[in-house]
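Student: Residue numbers are given in this note's numbering: position 372 of the sequence shown equals residue 372, and the series is strictly consecutive.
What the hints contain is simulated information worked out from the structure, not anything from laboratory work.
Just so you know, even glycine gets a beta-carbon here, dropped at the ideal spot from N, CA and C.
Please note that a few of the clues may not be correct.
Said to hold, decoys possible - Once the Cα atoms are required to be at most 27 angstroms apart in a straight line, the calculated DSSO-like pairs of lysine-lysine come out as:
1) K296 <-> K129
2) K268 <-> K296
3) K365 <-> K227
4) K235 <-> K296
5) K214 <-> K227
6) K365 <-> K293
To be verified - Cβ pair distances, simulated, as ranges:
7) L19 <-> A258: 42 to 52 angstroms
8) T283 <-> K188: 39 to 49 angstroms
9) R69 <-> A357: 36 to 46 angstroms
10) I149 <-> R78: 23 to 33 angstroms
11) D3 <-> W421: 53 to 63 angstroms
12) S11 <-> L277: 15 to 25 angstroms
13) E286 <-> E262: 46 to 56 angstroms
14) L19 <-> D372: 35 to 45 angstroms
15) S13 <-> T283: 50 to 60 angstroms
16) N68 <-> E148: 21 to 31 angstroms
17) E286 <-> A160: 45 to 55 angstroms
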Amino acid sequence: AYDCDALTAYSCSPLAVTLPRTTEEVATILRICFEERVPVIPRGAGTGLAGGALPTADAVVLGVARMNRVLETDYDDRIIRVQTGRTNLSVTGAVEADGFFYAPDPSSQLACAIAGNIGMNSGGAHCLKYGVTTNNLLGVRIVTMEGEILDVGGAHMDAAGLDLLGVICGSEGQLGVVTEATLRILPKPEGARPILLAFDSAVVAGACVSDIIKAGVLPVAIEFMDKPIIHLTEKFVGAGYPLDAEALLIVEVEGSPAEIDEALARIKDIASRHDPLEMRESTGPEQSAAIWKGRKAAFGATGSVADYLCMDGTIPTSALPQMLDGIASLADGYGLKVANVFHAGDGNMHPLILFNANEPGELAKAEALGADILTLCVDMGGCLTGEHGVGVEKRDLMVRQYAPQDLDAQMSVKGVFDPHW
Numbered sequence: 001a002y003d004c005d006a007l008t009a010y011s012c013s014p015l016a017v018t019l020p021r022t023t024e025e026v027a028t029i030l031r032i033c034f035e036e037r038v039p040v041i042p043r044g045a046g047t048g049l050a051g052g053a054l055p056t057a058d059a060v061v062l063g064v065a066r067m068n069r070v071l072e073t074d075y076d077d078r079i080i081r082v083q084t085g086r087t088n089l090s091v092t093g094a095v096e097a098d099g100f101f102y103a104p105d106p107s108s109q110l111a112c113a114i115a116g117n118i119g120m121n122s123g124g125a126h127c128l129k130y131g132v133t134t135n136n137l138l139g140v141r142i143v144t145m146e147g148e149i150l151d152v153g154g155a156h157m158d159a160a161g162l163d164l165l166g167v168i169c170g171s172e173g174q175l176g177v178v179t180e181a182t183l184r185i186l187p188k189p190e191g192a193r194p195i196l197l198a199f200d201s202a203v204v205a206g207a208c209v210s211d212i213i214k215a216g217v218l219p220v221a222i223e224f225m226d227k228p229i230i231h232l233t234e235k236f237v238g239a240g241y242p243l244d245a246e247a248l249l250i251v252e253v254e255g256s257p258a259e260i261d262e263a264l265a266r267i268k269d270i271a272s273r274h275d276p277l278e279m280r281e282s283t284g285p286e287q288s289a290a291i292w293k294g295r296k297a298a299f300g301a302t303g304s305v306a307d308y309l310c311m312d313g314t315i316p317t318s319a320l321p322q323m324l325d326g327i328a329s330l331a332d333g334y335g336l337k338v339a340n341v342f343h344a345g346d347g348n349m350h351p352l353i354l355f356n357a358n359e360p361g362e363l364a365k366a367e368a369l370g371a372d373i374l375t376l377c378v379d380m381g382g383c384l385t386g387e388h389g390v391g392v393e394k395r396d397l398m399v400r401q402y403a404p405q406d407l408d409a410q411m412s413v414k415g416v417f418d419p420h421w
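When you get a sec, could you build the whole thing from the sequences and use the hints?
Tutor: Given below as structure tokens:
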């Protein structure tokens with residue numbers, strides 16, 4: 001179970017696995033490993049898609065899954081403090097009865113741990129409005145590799161001095177083990193309503209996204225699905241999507257009924273200029289669930305028919321039409337199929353490269369296509385990862401985005417926190 005994370009193409013049995021319950025136990029483990037010069041691999045829930053929790057044969061895996069308690073809730077200051085083994089969705093579960101929620105919502109939120117969310121700076125479908133983990137993280141308790149316990153940030157909005165919290169969030173477990181987190185919680189919105197927009201061209205759908213953003217409308221989510229993923233999900237869960245569409249957008253807005261009506265009216269006006277095949281506005285909770293059903297099941301639907309690699313590059317939203325054309329052209333060159341489903345509002349692409357792991361050479365071909373797609377993201381002014389992290393998957397591609405002096409600076413920071421690497 002601990003040989004790999006959700007990037008299952010690579011695996012290795014570790015030397016040992018430790019499952020502490022307290023920060024003090026984490027400190028003891030790290031102190032012993034530091035003295036014995038044993039590598040440590042921090043692990044949340046193992047749902048990561050980039051190989052960030054991949055162990056080596058001489059390493060100890062330090063899993064935080066048993067550290068799942070709520071330590072404090074403060075509704076006046078709108079914070080919750082939790083052990084970082086707690087799952088993402090259960091943070092909202094701890095406060096929703098009192099009318100609050102935790103905003104970041106990765107697709108794996110039922111299982112993924114706050115520790116991994118902090119490590120990868122995870123996002124989710126609603127990050128367009130609420131931001132990603134770094135926008136909702138106020139403080140951490142972190143244990144250094146020498147076993148020293150540090151508190152960074154806290155319940156206040158901005159900590160004085162160096163922004164160490166910004167360094168830790170997104171550091172992929174390279175700087176220490178985060179055992180506690182102080183998170184921002186928000187009052188639940190009055191209501192939310194999605195609309196499904198179908199188009200006869202993926203490029204036109206991408207242009208519609210760009211126009212919605214340019215118009216200054218701020219939906220809580222804009223999700224994109226192309227024809228292959230529409231058909232896969234329809235066969236898998238029967239969400240009632242139009243099968244003649246080349247692309248679907250799911251656009252959700254929230255607020256008071258009047259705010260929702262006004263925002264959806266503007267979105268429908270913008271969409272109508274792109275000759276949509278269908279505009280299906282939700283009329284109630286059941287239809288809202290149906291509109292989201294296929295999108296939520298996209299990865300499972302794909303995995304039911306093929307092995308796949310899920311890319312995670314991010315581009316400027318204005319470049320969506322060109323990026324979709326570029327992905328199609330690259331896939332044709334490799335003779336592989338790609339299904340696109342992604343957070344279109346912030347340009348976070350999730351092309352799913354389909355292949356057969358039992359066919360010799362297919363994995364290598366899929367990885368080469370993935371590298372080309374991510375390089376194209378960088379060439380278009382984007383970056384290698386939006387929320388999955390670098391891990392072993394994109395490690396060798398860092399030179400495509402960063403100059404040598406940038407990488408030296410990052411390694412210098414690593415050396416300060418973990419002098420023996």
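Student: Work down the list of hints and note, for each, if the structure agrees.
Tutor: Verification of the hints:
no. : hint                              : in the structure
1   : K296 <-> K129                     : holds (19 angstroms)
2   : K268 <-> K296                     : holds (23 angstroms)
3   : K365 <-> K227                     : holds (23 angstroms)
4   : K235 <-> K296                     : holds (14 angstroms)
5   : K214 <-> K227                     : holds (25 angstroms)
6   : K365 <-> K293                     : violated (32 angstroms)
7   : L19 <-> A258: 42 to 52 angstroms  : holds (50 angstroms)
8   : T283 <-> K188: 39 to 49 angstroms : violated (21 angstroms)
9   : R69 <-> A357: 36 to 46 angstroms  : holds (39 angstroms)
10  : I149 <-> R78: 23 to 33 angstroms  : holds (26 angstroms)
11  : D3 <-> W421: 53 to 63 angstroms   : violated (23 angstroms)
12  : S11 <-> L277: 15 to 25 angstroms  : violated (43 angstroms)
13  : E286 <-> E262: 46 to 56 angstroms : violated (24 angstroms)
14  : L19 <-> D372: 35 to 45 angstroms  : holds (39 angstroms)
15  : S13 <-> T283: 50 to 60 angstroms  : holds (53 angstroms)
16  : N68 <-> E148: 21 to 31 angstroms  : holds (24 angstroms)
17  : E286 <-> A160: 45 to 55 angstroms : holds (50 angstroms)
Hints 6, 8, 11, 12, 13 from the list above are not met by this structure, while the remaining hints are.
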